[in-house]
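As they're listed, the protein sequences go chains A and B.
No gaps in the numbering here: position 287 of the first sequence is 287 in the numbering used here, and each next residue is one more.
No gaps in the numbering here: position 93 of the second sequence is 1093 in the numbering used here, and each next residue is one more.
One or more hints might be untrue.
Unchecked claim - Straight-line distance between alpha carbons at most 25 Å, and here's what the computed DSS-like set of lysine-lysine pairs gives:
#1 B:K1151 with B:K1167
#2 A:K100 with A:K235
#3 A:K109 with A:K125
#4 A:K70 with A:K235
#5 A:K222 with A:K235
#6 B:K1167 with A:K222
#7 A:K125 with B:K1222
#8 A:K9 with A:K222
#9 B:K1222 with A:K100
Stated by the list, open to error - A short list of chain A residues far from chain B (calculated; beta carbon distances all over 10 Å):
#10 E12
#11 A41
#12 T71
#13 Y239
#14 I268
#15 R275
Claimed, not checked - Cβ-to-Cβ under 8 Å is the rule here; a few derived chain B residues that face chain A:
#16 G1085
#17 F1089
#18 M1101
#19 L1102
#20 P1103
#21 L1154
#22 H1193
#23 I1238
#24 T1243
#25 N1256
These are computed hints drawn from the structure, not numbers from a lab.
By construction, the Cβ of each residue, glycine as well, lies at the ideal position given by its N, Cα and C atoms.
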Amino acid sequence: MFSFCADPKSLEGFSWLVCYLTSAKHVDFYWSFLTVLVLLAVTAPSALAFGFGGAMAARSPIAPLRWFGKTYTAMVRGVPDIVFFLFFVIALDQGIEWMKHQVVCPDWKEPIRQGLEFRVCPEAKVPSGSSAQIWHQLYGFALAVFTFAIVFGAFAANVLYGAMNAVPRAQLETAESYGMSQGQVFRRILVPQMWTYALPGLSNLWMILIKATPLLFLLGVKDIVYWARELGSAKTQAYAYPHPDWRLWYFIVLLIVYLCMTRGSEIILSRLTRRLSHGQATAAGEAMRRAAQ
Amino acid sequence: MTCFETIQAYAFRSLGFGENLLPRTDFNLCQQFTLIGSGLIWNVYFGVLALSLGFFLATALALAKASPRARFRKPAEWFIFVFRGSPLFIQFFLAYSALVMLPRGGVEIFGLHIATSWLTSAWAGAAFVLFLNTSAYAAEIFYGALQSIPKGDLEAAEAYGLSGWSKFRRIQWPTMLRLAWPAYTNEAIFLFHATTLVFFSGFPAFQQRGDALYYANYFADKTFNPFVPYPIVAFYFILLTFTLIGLFGLVNRRLNRHLPSNTRSKIRLRPQLIR
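Here chain A stands alone, though its shape is the one from the complex (with noise of 0.2 Å):
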């Protein structure tokens, strides 16, 4: 990066770790925070949206649709998230192939699956052969993102079921008894009621999502994890910049970033839950009625 990193070897010092620093890998590192940003970015709105439809199938008056939703809301309780993380992203990967192989190749004679071996036909593979490595990594990436939505889905989906069912029900009653149709009801009355429920459960369920963002290594997707793993290792002579085994450095370096986090979305969540529980029939609401007094 520096002019004068041309030759590291003949670096000492400060001016060393400077330019140990700024190398291409380390870059590549740096911006692999900006990978977990994105995931945490993207993840969060569809894990919501993905709980809210898991938690409105679960109140469905349909059977089939309720059955659906409750297995989804259940189905994190007894299994590790982890099961769930290495099924899905093999599962949805093979998924995704076969349907392609239905549509692309529609005359394949040969079962898909051989014994030991999944094969579609070379045009449904996703992506294709011939495309860039960018594109598999975007790949990759796009079905870790896809897996932990599911995942945090199912969380978000036990939580706001809980806060949906937590809104006193004579709040409901009322409206239905001034007219309003189930859907208006729903829109109107439970939905804005329920956040300050939600709240809690879902500010823990954020602090679970930051601490699970290191499971994207698992996934196959060169995040900080990996990084820290490949640039601590220790490196020989032969390597520009040769040193021992740092990868403990690494991983303190890691645990203080994530301790930031976590230390940062608590102050910011609490703030949250007090504009919340503002003027809210709950415990946390009438303390704050009765100390503006």
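Chain A is already provided as a structure; the job is to place chain B on it using the hints.
Structure of chain B alone, referenced to chain A:
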């Protein structure tokens, strides 16, 4: 190979007994059920060890956090913050890379030779991390319960002349446990779920002796079929979860036995506490 022979060969494979080679071709359901079940031994080992030791550290930490003296309170607060605020995955990696930096041959302390190589293996290193992690989460739960002990109970205890240790032993501790138990049950369940991370986070599976998810991942990699091994893991974990709820429910009954039946706290499973 009949299913009975498979069970004989692989039931304790995760501990290093029985057939040495893992199945490579002609995978059948029996093999997958047996090996994944064999791996579950490790999950139970990690969970039980971390929970049973962590319970005591958690109680101590909760008391320290509730202490009015800063020299007790501050370290406890920092400990809980560090372990609850960072991902368990990173904690595993950090612990592993710290433990491999210890000298290979062992260290000499006061002329005493202490071997260190065993610390880098999963059964010791990962169990230690899980122990500290669950202590921090449980300490936060116990601290919350300690703060919500009814004031009247404590005043009544003082009126009876109880103080110090006997007040803690007879009034505060049982009430704390009773209030914390539903949340602590959740923590226990999610600790067992977290044990699946061990062999994916730096700690090597020595001679392919891994946990349930390690073997499931092995089968999924070999067969390219995730639809069989992962549901088997899920099945085992659902059984484990129900067993835990049953066991913790028994303790909960005992803790609540003096209360009228309608005011007893019930255990409800909430995915509120995962790492």
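message: Need the list of violated hint numbers for this structure, in ascending order.
response: Of the numbered hints given earlier, those the structure breaks are 2, 4, 6, 8, 19, 20, 21, 24, 25, listed in rising order.
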